[in-house]
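2 protein chains.
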Amino acid sequence: MALKARALYNFQSENKEEISIQENEELVIFSENSLDGWLQGQNSRGETGLFPASYVEILRSRSGSSYTDCSSSPAGSPRHDSFYTATPNPSISYQGSFEDDDDDDWDDWDDACTVVEEPRSAPGTNGHPSPNLQYPTAYGHHQHTGYRPKPALERQDSMSSSKRGSVVGRNLNRFSCFVRSGVEAFILGDVPLMSKIAEVYCIEMGSKGPQWRANPHPFICSVEDPTKQTKFKGIKSYISYKLTPSNINSPVYRRYKHFDWLYNRLLHKFTVISVPHLPEKQATGRFEEDFIEKRKRRLILWMDHMTSHPVLSQYEGFQHFLCCRDEKQWKLGKRRAEKDEMVGASFLLTIQIPTEHQDLQDVEDRVDTFKAFSKKMEDSVLQLTNVASELVRKHVGGFRKEFQKLGNAFQAISHSFYMDPPYSSDALNNAISHTGKTYETVGEMFAEQPNNDLFLMLDTLSLYQGLLSNFPDIIHLQKGAFAKVKESQRMSDEGRMDQEEADGIRKRCRVVGFALQAEMNHFHERRVADFKRMMQSYLKQQIIFYQRVSQQLEKTLRMYDNL
Amino acid sequence: MALKARALYNFQSENKEEISIQENEELVIFSENSLDGWLQGQNSRGETGLFPASYVEILRSRSGSSYTDCSSSPAGSPRHDSFYTATPNPSISYQGSFEDDDDDDWDDWDDACTVVEEPRSAPGTNGHPSPNLQYPTAYGHHQHTGYRPKPALERQDSMSSSKRGSVVGRNLNRFSCFVRSGVEAFILGDVPLMSKIAEVYCIEMGSKGPQWRANPHPFICSVEDPTKQTKFKGIKSYISYKLTPSNINSPVYRRYKHFDWLYNRLLHKFTVISVPHLPEKQATGRFEEDFIEKRKRRLILWMDHMTSHPVLSQYEGFQHFLCCRDEKQWKLGKRRAEKDEMVGASFLLTIQIPTEHQDLQDVEDRVDTFKAFSKKMEDSVLQLTNVASELVRKHVGGFRKEFQKLGNAFQAISHSFYMDPPYSSDALNNAISHTGKTYETVGEMFAEQPNNDLFLMLDTLSLYQGLLSNFPDIIHLQKGAFAKVKESQRMSDEGRMDQEEADGIRKRCRVVGFALQAEMNHFHERRVADFKRMMQSYLKQQIIFYQRVSQQLEKTLRMYDNL
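Going down the list, the sequences are from chains A and B.
When the first sequence is numbered by full-length UniProt numbering, its final residue is 563 and no position is left out of the sequence of numbers.
When the second sequence is numbered by full-length UniProt numbering, its final residue is 563 and no position is left out of the sequence of numbers.
One or more of the hints may lead you astray.
Same chains, same label: a pair holds when it works inside one copy or across any pair of copies.
[Unchecked claim] Derived lysine-lysine pairs resembling DSS-like cross-links, with alpha carbons at most 30 Å apart: (1) K437 to K375; (2) K437 to K401; (3) K437 to K540; (4) K375 to K294; (5) K532 to K555.
In case anyone wonders, no lab produced these hints; they're calculated from the structure.
None of the values given here were measured: they were computed from a predicted structure.
Chain A extracted, bound-state conformation (with noise of 0.2 Å):
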């Protein structure tokens, strides 16, 4: 049953899921199937765990081809097992996805394109994957990794590797998104240099260390209206969204399959930039008013971060998604999005850095610091998401319920009173009852109180939860930027490397060090920004509230005064 490979590479295992092989060991695989690019299988000398696919080739006793024909395995076979922590809901199917699919009219893609619930970290995790089966790629984050690998990127990638040889120990490589993302390749200088790079996006200097210099045409824009529509005579529906950018003031209308779409350019393109996550989706109840309330808010945020954003809000593609109003123009644009060349590691190649020095060890200091701040607040958050939510749940069922059945006991003695006529205060009564029925009221008022404040905070929280999200990813490729520095120099030291050659990794690692840096202090500045707004919004939404309730008291007391 059990599959035999052999070792292209050395591989040294960097946690207990992995193991280390050799060059041309011979190893058991458990399945050819590989799992984002990892196999599991077991070495020489015994030890069961996961080691890179494209490091390994299938040795078939019949056919002989190798694993690395990834093409040849028949089309259709199974690519799930239990190593997806999130298995696709069978009753939902994936129809029609944008790189599939070459039915790009301008409205054509069905909604259900979007009601695949994006695969989510399980809630034991504090959001944060396991590093190695789980790190969404920086190109198929939210492209529903596992559904359809794209071993196109890998592929490429490893080639390139092997083609290299071992000129810097391929041993201390992680077959990670560190490699997958295509940054290693761009610091060992694989990435080639196009003729002509129109984009540019510079790094400076600020007062808190390197920035994105702002984008020189900064705009915003307002995501209002969702309105349903219907095409097919009624048959489909969808809810289309007014988008006006403030440099145009005229606007667009977008359905959520067009964030997405964007949303996937942005996930190919942007290297080591957070990209804001889009509002969930949802399998059912896409039309209901709670939840078309509830993504518009989220979209409304999602925009903010991306015009907020110096890199993003001047993308070509944002600024077509913003901006194009026809239906030929969109499929142009779209094609031309699509096969834009400077994604991914290319991506790196358009970005301008200062020439400060920076100390290769206080940088990463700096992204250690900004590595643990970024762990705690996920958690903070998460707690925070876990405690709104609950209060939420609290204001419509308890809260509410608490303050009905107070007001139904004051109607009841209302209405005892009122049983003795010769004796009956009908002003008393009248006050009572109301109190009773002020008190349904002030029920009322606290299930309806969420959707002033707390929905607010869980919307931004929730935004965080995805920026978040993104951190360890791109931490990661500068960690594996500094190690291949860290080699590289060591190399050089014991002449094994062109110093020129070191140079030149040192100075593309620099790009990486300065673009994460860059990110990092947009995030803060975003953050205290996005923080104090929120804060600011729930208190004062808060007292509001408690103000409208003594207030509705107040009005109430005034009845008895002259009983």
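Using the hints provided, position chain B relative to the given structure of chain A.
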């Protein structure tokens, strides 16, 4: 095993628990121990149920002694069986009681005499005891009926009845509180007029019908400073309360057992008056601050009702309780009160009524309306009590917890923000941390709030639960009296009774009717005032509470102003 008995008089059952018996009928009785004056057994028609113990004579084969010789039952024989809904807790001994205990030393009553839980009706019955089995007798309520049945008055009454023979058909009488309270005897003219009646309580016609004439020397009385006292070198402890009547303005100090003595005197004396119940007894935790505070609050309300009542406030025993400062005088006054002859049925002799004619049927209708009202009010008071008690639990538990969790979550956010110092905005972090503390404070405010509002509401509701639970009995007295009038009129019409005797019955019945109406009137007057005050106080405290919450939040919000 089963004992035989012979019916001495006719008895007509009036509900399914009772069975009818005919004079001279032979009966089987299941136990010779009467329950609250009732025996359980089987009549000659095979019906099983209850009948009055004093209506039968137990036939003993050997001794031949009849049941009516109650004192012959062996001392200490068990008197409790499954009929008691409130069986005494075996771990709580009943030590000392006013009647049995000749030791009426100034403060030598053990507080333990107050630890027996009052028999209370089960919550499921809405506070309405089953009419026959558990109606407290007008004098026996709160004297632990069932633990020490007092056959004396029953005997006296049934004796006088037997002496009268069946001049007014005994078969219409029920051996209920109407008979046992002596009101039947009063109506029938069997209660002798004593030579001197020092006390007179007048009823006059007011705008809403009969009312007690106001106390010519009205006063109020404060209850303050519950203080723990010890005696026997600290072995025994008790709480003393400082009482200051406004008409004397010099305090006396009283323990709960003194209140209890007074209360029992009131029950003994005041037929047809709804005596406010004392605050609940409690077996454990009597010296805990919360319990002492609660008892004090409820004694204040009790005292207010006592001083507000035109009849109760003038009672000599009450005056003695409020004013006596001397140990010897205390004993003398206590004896005097206990030897008071104008109690129970005789108390009715002290009532002077106006001459206005009241139609019998009108009064009955009035009383029926009040009966329906009081039943409904009892239900609604119970409902509000349950809701308010549940709210207390929510305030101290759920509400506090939710706000504390929110506070903790904000603090966690703030802590995480401190973790990346170069980008940490201290002012924002402080503000968020302070917001966290504010919500913890708000949680504590929720937990404390019942002290300001719900407890006071529950105190008033508890007082009214007591007052309302008295009325079924009192109404029953009136019903019995009216039945007597109707019967005597019929007998007079049939020539079987002197018109003079029938007129006497009607005249005495008017006393009961006027007294009940005056009591209803007084109840309504107090109810309107008390519920107005209760609602106003609750609303005021609620308004203050919500205003304080919003002020706390406003103070916190200002911390975000200059970030």
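Status of each hint after checking the structure:
Taking the shortest Cα distances, K437 and K375 sit within 30 Å of each other only across copies (23 Å), while inside one copy they are farther apart (48 Å). For a Cα distance limit of 30 Å, the shortest separation of K437 from K401 qualifies both inside one copy, at 13 Å, and across copies, at 27 Å. In this assembly of identical chains, the alpha carbons of K437 and K540 lie at most 30 Å apart whether taken from the same copy (26 Å) or from different copies (17 Å). In this assembly of identical chains, K375 and K294 lie within 30 Å of each other by CA distance solely inside one copy; the values are 27 Å within and 50 Å between copies.
Only between protomers do K532 and K555 lie at most 30 Å apart by alpha-carbon distance; the minimum there is 15 Å, versus 34 Å within a single protomer.
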